[in-house]
Amino acid sequence: MMKTLADYKLKENPFRIGPPLDPNDIVWAGFKSLKEEIERRIKYAISTTPSRMVLNWGKYGSGKTHAANYYSRTDVLKNLTDSAGKAEAVSIKINLPRTSKDPVQAFLRSFFGQIGLQRIKSDLTKLEAAVGREQLLNIISSVSSDNVITSLFTNILETESEDEFPLIEAYLFGDSTKGTLTKIGLPAGLKDDEQVVNLLSTFINTITYEKRSISSFLLWIDEFEDIDTLNKSSQDRFTTFLRQLFDKTPNNLLLFLNFTPKTFFNIEDLSIILGEALSTRAKLRIEFYEPKISQAKEYLEELLNNDQFRSEPVENKFAPFEDASVEHLLAHIGRLSVRKINEVFSLVLELAQIEMQDSISVDFVNSLKSEIVYWQ
Amino acid sequence: MQEVLNYIKTFPPALYYVDSYEETLSISIGDRTDSMYLCYFFDPSALGDSWVDEDWEQERIIQAIFEGQIQIKFYSVRFWSEYETVENFRSSANTHVNKLESIRLSALKLYIKLFNNIPEVKIGYADDSYCSGSVEAKYLELVFKHSEHHLLIKYCEYVTNSDLIIVSPATPFSFLKNPIVKETTHNIHFIPFITTNTKARRIGYWKIIIKLFEKGSYYPLNLLPIKVESLAAALKPELKEYKSVYKGDDKGEITEGFKGASAKPYIQLTKELNLLTEINKSYILTKQAKPYLEINRSFDESDNNKFVLNNNDKLFFLQTIIGTDILYFGTISELALIAGDEFHPKKLYPLFKRYLIHKIDLMLLETENDRREGMLQEMKKRVLQWENEIKYVEHIIEPRINWLLDLQLIKHSNNKGFFCFSDAGRRFVNVLCGISENYIKGWLDVPIFLNEEYYLAVNYIYDWGGVDRWDANAILKYLEEAMVLFKTDAPRRIAASQGINYVCTKSLLEKGFVVSFSDVKSYLINLSNSHFALDWYKTENDGSLIKQT
Numbered sequence: 041m042m043k044t045l046a047d048y049k050l051k052e053n054p055f056r057i058g059p060p061l062d063p064n065d066i067v068w069a070g071f072k073s074l075k076e077e078i079e080r081r082i083k084y085a086i087s088t089t090p091s092r093m094v095l096n097w098g099k100y101g102s103g104k105t106h107a108a109n110y111y112s113r114t115d116v117l118k119n120l121t122d123s124a125g126k127a128e129a130v131s132i133k134i135n136l137p138r139t140s141k142d143p144v145q146a147f148l149r150s151f152f153g154q155i156g157l158q159r160i161k162s163d164l165t166k167l168e169a170a171v172g173r174e175q176l177l178n179i180i181s182s183v184s185s186d187n188v189i190t191s192l193f194t195n196i197l198e199t200e201s202e203d204e205f206p207l208i209e210a211y212l213f214g215d216s217t218k219g220t221l222t223k224i225g226l227p228a229g230l231k232d233d234e235q236v237v238n239l240l241s242t243f244i245n246t247i248t249y250e251k252r253s254i255s256s257f258l259l260w261i262d263e264f265e266d267i268d269t270l271n272k273s274s275q276d277r278f279t280t281f282l283r284q285l286f287d288k289t290p291n292n293l294l295l296f297l298n299f300t301p302k303t304f305f306n307i308e309d310l311s312i313i314l315g316e317a318l319s320t321r322a323k324l325r326i327e328f329y330e331p332k333i334s335q336a337k338e339y340l341e342e343l344l345n346n347d348q349f350r351s352e353p354v355e356n357k358f359a360p361f362e363d364a365s366v367e368h369l370l371a372h373i374g375r376l377s378v379r380k381i382n383e384v385f386s387l388v389l390e391l392a393q394i395e396m397q398d399s400i401s402v403d404f405v406n407s408l409k410s411e412i413v414y415w416q
Numbered sequence: 071m072q073e074v075l076n077y078i079k080t081f082p083p084a085l086y087y088v089d090s091y092e093e094t095l096s097i098s099i100g101d102r103t104d105s106m107y108l109c110y111f112f113d114p115s116a117l118g119d120s121w122v123d124e125d126w127e128q129e130r131i132i133q134a135i136f137e138g139q140i141q142i143k144f145y146s147v148r149f150w151s152e153y154e155t156v157e158n159f160r161s162s163a164n165t166h167v168n169k170l171e172s173i174r175l176s177a178l179k180l181y182i183k184l185f186n187n188i189p190e191v192k193i194g195y196a197d198d199s200y201c202s203g204s205v206e207a208k209y210l211e212l213v214f215k216h217s218e219h220h221l222l223i224k225y226c227e228y229v230t231n232s233d234l235i236i237v238s239p240a241t242p243f244s245f246l247k248n249p250i251v252k253e254t255t256h257n258i259h260f261i262p263f264i265t266t267n268t269k270a271r272r273i274g275y276w277k278i279i280i281k282l283f284e285k286g287s288y289y290p291l292n293l294l295p296i297k298v299e300s301l302a303a304a305l306k307p308e309l310k311e312y313k314s315v316y317k318g319d320d321k322g323e324i325t326e327g328f329k330g331a332s333a334k335p336y337i338q339l340t341k342e343l344n345l346l347t348e349i350n351k352s353y354i355l356t357k358q359a360k361p362y363l364e365i366n367r368s369f370d371e372s373d374n375n376k377f378v379l380n381n382n383d384k385l386f387f388l389q390t391i392i393g394t395d396i397l398y399f400g401t402i403s404e405l406a407l408i409a410g411d412e413f414h415p416k417k418l419y420p421l422f423k424r425y426l427i428h429k430i431d432l433m434l435l436e437t438e439n440d441r442r443e444g445m446l447q448e449m450k451k452r453v454l455q456w457e458n459e460i461k462y463v464e465h466i467i468e469p470r471i472n473w474l475l476d477l478q479l480i481k482h483s484n485n486k487g488f489f490c491f492s493d494a495g496r497r498f499v500n501v502l503c504g505i506s507e508n509y510i511k512g513w514l515d516v517p518i519f520l521n522e523e524y525y526l527a528v529n530y531i532y533d534w535g536g537v538d539r540w541d542a543n544a545i546l547k548y549l550e551e552a553m554v555l556f557k558t559d560a561p562r563r564i565a566a567s568q569g570i571n572y573v574c575t576k577s578l579l580e581k582g583f584v585v586s587f588s589d590v591k592s593y594l595i596n597l598s599n600s601h602f603a604l605d606w607y608k609t610e611n612d613g614s615l616i617k618q619t
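In order, the protein sequences belong to chains A and B.
Quick note: the first sequence, position 150, residue 190 per our numbering, numbers continuous.
Quick note: the second sequence, position 385, residue 455 per our numbering, numbers continuous.
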């Protein structure tokens with residue numbers, strides 16, 4: 041016999057440790073000033089033209105990946121563009137390629153893995169509806185200055201059936217055999233990193249042209265500290281690629297780099313790996329700060345009472361946790377991070393169910409000291 | 071064989087001791103200490119089953135040896151040392167020979183003096199088999215081959231008649247409160263030695279290379295050598311003066327040439343020393359080198375000869391060399407010390423290979439379950455295959471002899487081409503012995519030594535008169551300075567090692583207060599005020615020092 045979450049007036053356990061599968065479960069709770077900072081960046085990106093690079097600094101478990109998921113996989117971004125009266129924005133999250141022999145190719149696959157040819161075609165078609173085919177082709181060709189890239193996009197625009205997509209995908213991912221080239225009708229394959237930059241920047245520049253059909257392209261690069269798993273020349277290659285991508289996309293791109301402030305063998309932190317050239321372009325930063333107890337309480341209150349999780353209104357806002365036990369827990373688990381808070385509160389919640397607690401008191405929390413790894 | 075037996079008979083039988091398990095006949099020698107033995111290793115196999123089945127007490131064995139029924143295979147001299155694990159031991163700088171490292175250097179010094187060679191050396195121990203199994207005593211053994219008995223006799227005569235064993239050239243030195251350190255290193259995947267070129271001899275050039283980064287934070291790969299060469303050209307008079315006035319040396323000059331070729335060995339060396347690294351086809355200073363650079367700004371050196379190292383230079387470069395190169399640098403330092411009261415570098419060349427193998431063998435005694443065991447075995451195989459190594463070994467020895475000179479650990483002696491150790495140099499070798507003696511994996515545990523004792527050690531080596539004192543106000547002030555000096559794009563934080571080393575160095579050089587890296591780290595971890603917090607990353611052996619809002 042154990043208590044159910046319904047007994048606690050909860051629909052589900054709100055304390056996630058990993059990213060949720062169901063986008064509805066991706067909620068934002070507390071951390072108001074952080075949210076405002078991120079959204080200010082997004083609003084500027086939606087409403088103004090210059091591309092920007094932002095470094096998101098935060099320890100493990102501080103919510104950087106969550107932020108990327110929140111703005112990429114829910115309706116929040118749409119709400120922001122709607123209230124600004126602008127066309128929709130695109131947001132995708134890519135993990136930095138790990139232990140890869142060819143980090144640029146890995147990045148490309150990841151990018152198109154999320155965007156997909158259907159999406160590309162529909163974005164291009166949308167713009168076509170606004171400016172007409174001829175104008176669109178002019179835009180593509182002037183932005184890319186590269187026959188191969190122009191032909192590729194023309195090709196995508198003109199494909200009638202989705203059956204042809206696999207062939208185009210193969211081409212994108214390096215298949216430049218004579219047979220494929222002939223079938224697609226392209227003169228050559230994608231040769232090198234510069235051409236990949238060209239491909240991506242052409243795509244982004246085109247679909248965000250004058251913000252007509254897409255107002256902004258948000259690109260989150262997560263787990264940047266994994267660059268340490270690449271060898272020196274791959275690291276240099278990747279940072280060069282990023283710099284070129286940023287330079288070739290001077291409009292409407294908002295690039296978020298998720299950085300963990302750890303230190304490395306010979307160098308202080310990731311901003312040094314980024315190199316002088318990229319550092320001068322990345323002057324903006326957002327700190328995913330360590331919450332104080334009061335901020336953690338705010339987070340917990342909003343999380344527990346979010347419509348996604350709370351089944352009916354409750355008097356004690358932290359239910360099933362008693363007010364005092366929330367403070368007690370937060371004060372005894374050392375330095376706080378969202379992940380740590382979620383882990384601890386999830387565990388206590390589950391144990392309370394097993395132990396048939398009507399509510400979670402300070403005494404009950406104390407009885408669990410040995411179960412809680414972080415207890416101090 | 072008869073000669074061997076005759077020699078044994080010159081000793082009174084009361085001094086004989088037979089160990090039938092180890093198959094040795096030991097003879098206590100030397101009346102100044104009861105811890106030296108001649109050991110004769112015998113082979114009882116000619117006795118067949120009789121050896122196993124019958125009772126062979128001491129008398130009977132000795133008789134069989136003298137009658138030739140039991141053959142002697144080889145011989146050794148053994149020096150015993152009591153192994154102390156006293157918890158509150160405080161080491162002192164006396165010369166009483168009670169430590170194995172002292173004995174080792176004495177014994178080898180004598181051997182080199184007599185035979186100009188390095189013998190096979192073994193280390194063994196006797197445990198307290200009745201009780202805890204803990205080690206009670208260790209011995210150092212110099213092994214003599216079957217054909218070398220005449221050398222053995224000569225060695226014993228000297229050992230019993232001279233001071234050479236009693237007054238050791240070095241005494242292991244440690245400031246640790248618990249001298250046998252319980253912590254040891256794991257998961258380290260390199261052996262601490264670096265590759266050098268005979269041209270890269272002057273430490274002064276490392277200074278000027280690093281100083282270039284006062285003006286720029288990065289230099290393209292092909293540009294730095296050229297800049298270094300033009301700077302070096304301006305320093306030629308100072309280099310000459312370094313030799314003539316400051317009793318230094320002018321070898322290893324960087325000359326102005328074509329495309330920076332002359333500077334390249336030095337730049338390569340600064341990379342090996344982890345002072346410079348490459349990002350995006352440019353050189354940048356490593357995080358380790360930046361505190362050194364910042365502290366040097368406060369030394370007004372416009373009038374000083376750049377090749378004469380100041381205290382900050384000595385502190386930092388010695389620390390760097392110990393961390394990256396102790397296997398070669400320490401080996402050469404020891405060898406130079408025991409090669410004679412004064413030594414000529416070229417005399418070391420033929421001895422180096424064997425002495426290095428000896429040092430590697432000592433390290434291998436403590437590397438069970440450590441991946442470095444395999445690396446050391448590989449290294450030993452490679453070194454054993456060195457042929458005609460005199461030319462090759464020059465690239466290893468010459469730079470390091472010159473570093474010893476620039477660090478003022480050795481000086482020119484009156485004989486041209488010869489060097490002798492300064493007091494600081496002797497104390498340096500004491501520290502090397504202390505690391506071998508007191509750390510579980512000896513020199514392989516140098517990262518722990520650097521954290522626990524380096525600032526104490528360098529203060530002792532150079533006799534700067536620093537005292538063990540904690541000035542909390544000064545420490546906080548230095549931390550605040552560090553937060554500004556080492557700022558990067560990371561918000562409100564710097565690399566902890568930069569802050570901590572800055573604090574330790576400033577505290578010692580400016581105030582004369584000695585604090586260790588681990589003292590400051592513990593202070594930061596335990597700090598319950600709202601100034602600073604420390605995130606530590608064990609795998610990096612470093613962390614982030616955060617300024618709290």
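Certain hints may be false.
[What the hints assert, rightly or not] With a straight-line cut-off of 27 Å between C-alpha atoms, the simulated DSSO-like cross-links for lysine-lysine are:
| # | chain 1 | residue 1 | chain 2 | residue 2 |
| --- | --- | --- | --- | --- |
| 1 | B | Lys341 | A | Lys141 |
| 2 | A | Lys272 | B | Lys351 |
| 3 | B | Lys143 | A | Lys272 |
| 4 | B | Lys281 | B | Lys183 |
[To be verified] What the simulated footprint calls covered on chain A by chain B, stretch by stretch (three residues with Cβ under 8 Å from a Cβ of chain B suffice, anywhere in the stretch; the number is not a length):
| # | segment |
| --- | --- |
| 5 | 254 to 262 |
| 6 | 299 to 309 |
Derived by calculation from the structure, the hints in this document are not laboratory data.
Every residue, glycine too, gets a C-beta built ideally from N, C-alpha and C.
Against the structure, the hints come out as follows:
Taken as a hint, the B:Lys341 and A:Lys141 pair is honoured in the structure, with Cα atoms around 25 Å apart against an allowance of 27 Å. With a CA separation close to 10 Å, the supplied pair A:Lys272 and B:Lys351 stays within the 27 Å bound. As the CA atoms of B:Lys143 and A:Lys272 are separated by approximately 56 Å, the hinted pair breaks the 27 Å bound. Annotation: proposed proximity of B:Lys281 to B:Lys183 is violated, straight-line Cα distance about 44 Å (limit 27 Å).
Note: the segment 254 to 262 of chain A has 0 residues with beta-carbon separation from chain B under 8 Å; the three-residue rule is not met and the coverage is violated. Counting residues of the segment 299 to 309 of chain A whose CB lies closer than 8 Å to any CB of chain B gives 10, so the stated coverage by that chain holds, three being the minimum.
The earlier numbered hints that this structure contradicts are 3, 4 and 5.
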